[in-house]
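Undergrad: Chain by chain, the residues run as shown.
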Amino acid sequence: MTTITMAGALNAALRDALTEDEKVVVFGEDVGTLGGVFRVTDGLTRDFGDDRCFDTPLAESGIVGFAIGMAMSGYKPVVEMQFDAFAYPAFEQIVSHVAKLRNRTRGLLTAPMVIRIPFAGGIGGVEHHCDSSEAYYTHTPGLKVVSPSTVADAYSLMRDAIADPDPVIFLEPKRLYFSKDDIELGKTEPIGTAVVRRGGTDVTLLAYGPTVSVAMQSAEFAAEDGRSVEVIDLRSLNPFDDETVAASVRKTGRCIVIQEAQGFAGVAAEIASRVSERCFHHLHAPVLRVAGLDIPYPAPKLEHFHLPSADRVLDAMDRLQWNDAPDLSKAVTV
Amino acid sequence: MTTVEKVPATSYQQFMPADRPVQYLAPDGTGVDSAARYARPSDERLLEMYRSMVHGRRFDQQATALTKQGRLAVYPSSRGQEACQIAAALCLGEQDWMFPTYRDSMALAARGIDQVELLGMLAGYWHCGYDPAAYKVAPQCTPLATQLLHATGFAYAEAKQGRDTIALAFCGDGATSEGDFHEALNFAAVFRAPVIFLVQNNGFAISVPLARQSAAPSLSHKGVGYGIGSEQVDGNDPVAMMAVMDEAVKYVRAGKGPVVVEAHTYRMDAHTNADDATRYRKADEVEGWLARDPLSRLDSYLEGRGILTDELREQMTVSADADAAALRAGMNVEQDVDPEDLFRFVYSSPTPGLTEQRNQVAAEIAAGELS
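Residue numbers (the working numbering), protein chains in the order written: chain U, 12 to 345; chain G, 14 to 384.
Every clue listed holds true.
In silico contact screen, one side only, chain U against chain G (beta carbon under 7 Å); selected entries:
id	residue
1	R115
2	L120
3	P152
4	G153
Over the 12 Å line for every Cβ pair with chain U, so calculated as not near, a few chain G residues:
id	residue
5	A78
6	T291
7	R305
8	E327
9	D336
10	D349
11	P352
12	E382
Listed below are the simulated BS3-like cross-link pairs for lysine-lysine, each with C-alpha atoms no more than 25 Å apart in a straight line:
id	chain 1	residue 1	chain 2	residue 2
13	U	K34	G	K149
14	G	K173	U	K34
15	G	K269	G	K149
Just so you know, the hints here were simulated from the structure itself, not pulled from any lab data.
All C-beta atoms in this analysis are idealised placements derived from N, C-alpha and C, irrespective of residue type, glycine included.
Turn these sequences into a full structure, and let the hints guide you.
TA: Here it is in structure tokens:
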């Protein structure tokens, strides 16, 4: 067992992939000598050479478009977008080409790659450094979208993403980069699989990336009130593990989806809808969402008003119609 | 060598844009007294080019006719741009790759792509109708300038693997305003990617004239700022076009870095059949360009050299007509479409969600709700 951070686990995954497959290349802005602004690529240029891990001109569309060409020629690019909102210049390349090349050409050309995006907030970052952009990518057929919440998953999902024949958007929760765990790095569940992090019988909390710890904390507090809470770490937003989610909600009859992103038309809305469609007859209450506010990401001193908190999750839990037997003493008679 | 080795300052300066477009032939096909720096292609290659241009023009005419008959959803004609596209196709080696736009069908036909497959996208069967790996031609790209980056990354990756492959990326004058054009030139220069950017400057981006796209001395000058070998050429002069492309290929293949070639040309027809060009350009302008038709220009030149005879001309016309007849016949055969294909290529294997939707469509078909 060694103590390792999520950033360290991602670095280890890149190292192992670079070692095992000579076609893996890592590139982006400041990923070389500096080792990335979050140090995820620390030492890779030194240890693998400037032709395996290299800095590029400062142009995100250029990075992704260049990666498409390299992938067509047989490489497996792992590119870094320095911050979530800085990935937007690459949006056209991602949506129109990365996601569609296989389909446009009936599978004759493909562009498998991993696009790493430091993701979401909670780090006191100035504007354009804390966006939750997952809905744009999950809405795009042809992309896989994953986000780890644990150090172990950061390593394993990254290895799987690099090995995957499809392009993967890899959302790295910024606030978890320096979270630590004592583990041996190895394989966890594959992409497309959700995992039950805590078993329970009364309510299911669905979370991913940075909100999993919020869900776990909420479950602890709820347990003190005698509620048994099941927490599911979704891990993979596309493909989505309907089976694991529906099995849990059919058991508990209650469900809350937690996301940091603004709620309107977000991933949690899609998930709530899927749960309702699949579990309607098992539900005691509507599926609720606890999401960020429908505002542009706030300035650092205001972000705590925006981010889903355990209190907000517990408040939502209270609204889940716990009194199955109606309290007749309060009934209005006419 | 490291990937960020500094480009020698003198390299691209061997290849700087001329003050005026390189020209070997006057509009009437007679030779001009030009100080052009590039070797004149052999008569044999020019005759081959002529043959290909005759076929290209006939193909274009047939595709336009098929559109009027409703066989194609749309067809962006490149009549008038034969010299640019065919020189580009003929100057490449078999191992090289093209990254074309939707208007480069003549280049693709000259590359040997089956005509019916080539028009598969415009006929509505699939987004790319041909096998891009087999022909070494990326799918025709409609989002402007995006494919220039693919060509750059591809060329760089091929060189990195020690392969003797160059990439030729096509774009028009309008695309030079897109950010990806600039990012591609910059990446190509920094990484010394063996890629040629051929800009067919036909004067209009749909309706918007060049003056509204750029205030640069020429579009080829845009390469200079990036440290890229650059040249401008009369794109309706087949001899000059081939001479410059030959040189560009030689330069790029020698590892000297990328090249931008601006070909000054004109699209004789509207942007597509859906557009009315009389709204944005005057008849006398079109007339003026008719007098610089690349096909008749090369015809006069080769006839003057005693290479092109009536008999040869007749043979070529017959052969091009036969191709056009085959294209007509091919396009009149309705191809089967398979709804399963909708789901087959989205991912390497369908996700559970897509499998559900595939089953739903299959059930709708089985119930006779869809056919």
